[in-house]
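Chemist: Based on the sequences and whatever the hints tell you, model everything.
There are 2 protein chains.
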Amino acid sequence: MTTPVSFKTLIDALKVLPGIGPRAAQRIAFDLVQHKRDSAIGLARAIEGALEKLRSCERCNTLSETPICSLCSSKRRDPALLCVVETPADQITLEQSGAFSGLYFVLMGRISPLDGVGPAQIHLEKLVNRATDGTVKEVILATNFTNEGEVTAHVITELLQPQGVKVSRLARGIPIGSELEYVDAATVAQAVRERR
Amino acid sequence: MTTPVSFKTLIDALKVLPGIGPRAAQRIAFDLVQHKRDSAIGLARAIEGALEKLRSCERCNTLSETPICSLCSSKRRDPALLCVVETPADQITLEQSGAFSGLYFVLMGRISPLDGVGPAQIHLEKLVNRATDGTVKEVILATNFTNEGEVTAHVITELLQPQGVKVSRLARGIPIGSELEYVDAATVAQAVRERR
Chain C
1 MTTPVSFKTL IDALKVLPGI GPRAAQRIAF DLVQHKRDSA IGLARAIEGA
51 LEKLRSCERC NTLSETPICS LCSSKRRDPA LLCVVETPAD QITLEQSGAF
101 SGLYFVLMGR ISPLDGVGPA QIHLEKLVNR ATDGTVKEVI LATNFTNEGE
151 VTAHVITELL QPQGVKVSRL ARGIPIGSEL EYVDAATVAQ AVRERR
Chain E
1001 MTTPVSFKTL IDALKVLPGI GPRAAQRIAF DLVQHKRDSA IGLARAIEGA
1051 LEKLRSCERC NTLSETPICS LCSSKRRDPA LLCVVETPAD QITLEQSGAF
1101 SGLYFVLMGR ISPLDGVGPA QIHLEKLVNR ATDGTVKEVI LATNFTNEGE
1151 VTAHVITELL QPQGVKVSRL ARGIPIGSEL EYVDAATVAQ AVRERR
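Protein chains in written order, with the numbering used here: chain C, 1 to 196; chain E, 1001 to 1196.
All the pointers check out, no bait thrown in.
On the chain E side, residues computed to face chain C include the following (Cβ under 10 Å):
1) V1005
2) F1007
3) V1016
4) I1028
5) V1033
6) A1050
7) L1051
8) T1066
9) A1089
10) I1092
11) E1095
Label pairs and their calculated CB-CB ranges:
12) C/S101 x E/G1021: 24 to 32 Å
13) E/G1021 x C/R37: 19 to 27 Å
14) C/A99 x E/P1018: 29 to 37 Å
Bear in mind the hints are in silico, worked out from the structure with no lab data behind them.
Using N, Cα and C, we set each Cβ at its ideal position, and we do this for glycine too.
Modeler: What follows is the structure, encoded as structure tokens:
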């Protein structure tokens, strides 16, 4: 089989997806074309629909089909609490925890000089304006506990604390359900220092 | 974030792909919408293009943009050798080996009574007509070495041998580059029995 052009194009397009290598792309392409034509049409339509409808929420930057997302427009959330996350995926994770009842600010990234991402790319000016608008009483930093996430949290703290905004950070420690023996030393050390 | 409808639709559409679970689907969806809008459009177009253009080759059943695929219409292939494979993917694997110069017949499946796939679903009548057309001198069975592939090979053999068609099967044995210690017992036993 000299692979037909349209089939090769499909494989190449699938290889762009994160976590999909050449073999998986070929397998998916065959599956779509041979057995799942309806699903394939559905996927193409879903991609087009998402690209057309999704924009950034004007308040928190998260993905939204409306100018202000449903969470930002909810009356049931506490506007005095503002949680800063890196991505909409992190926001979903926090929402699933059910532990947070305030509003969010989604950076849509993290400070990473090597990737050319500085304070301007992650909307920090907008965040400062929002945090100092008089409504927000506490900013909770929920950036990742990676080097880049920690740097981002540090920069935000440096920007907000001089303005008198209360800034907190998610607790670090031993994950629930884990056995001490298998927890890395840095996490254990942190848990000892921050014991309560 | 109450997930926007168009985003949820995209995640659900991605979950249909083989090997893509809920978390991978979410990650891919965010990646497409946030960072890879051009690739996302390309993927939607590639799916539509493939569905529109690809059909079955009238001679060998493989995916083709033309009524007869380029391999079946090639003058450089030996029409006396007919290799029977289960899927176009198997055909690609054989072509990549560079060891076969004849033509193919792609079953587009395998006999699997539990899945309701019998001889009629894998074009066996068409195969018999083709194999007995006077041009084909040898039919090489390259169905998989699974139970279903072996049953399929057996059924085809039973159909063709009474008609005087020479039928052969790919050799079974120890894979090149493998260490005996790690090869399963059934394969080693086969390799001993079929030593040469």
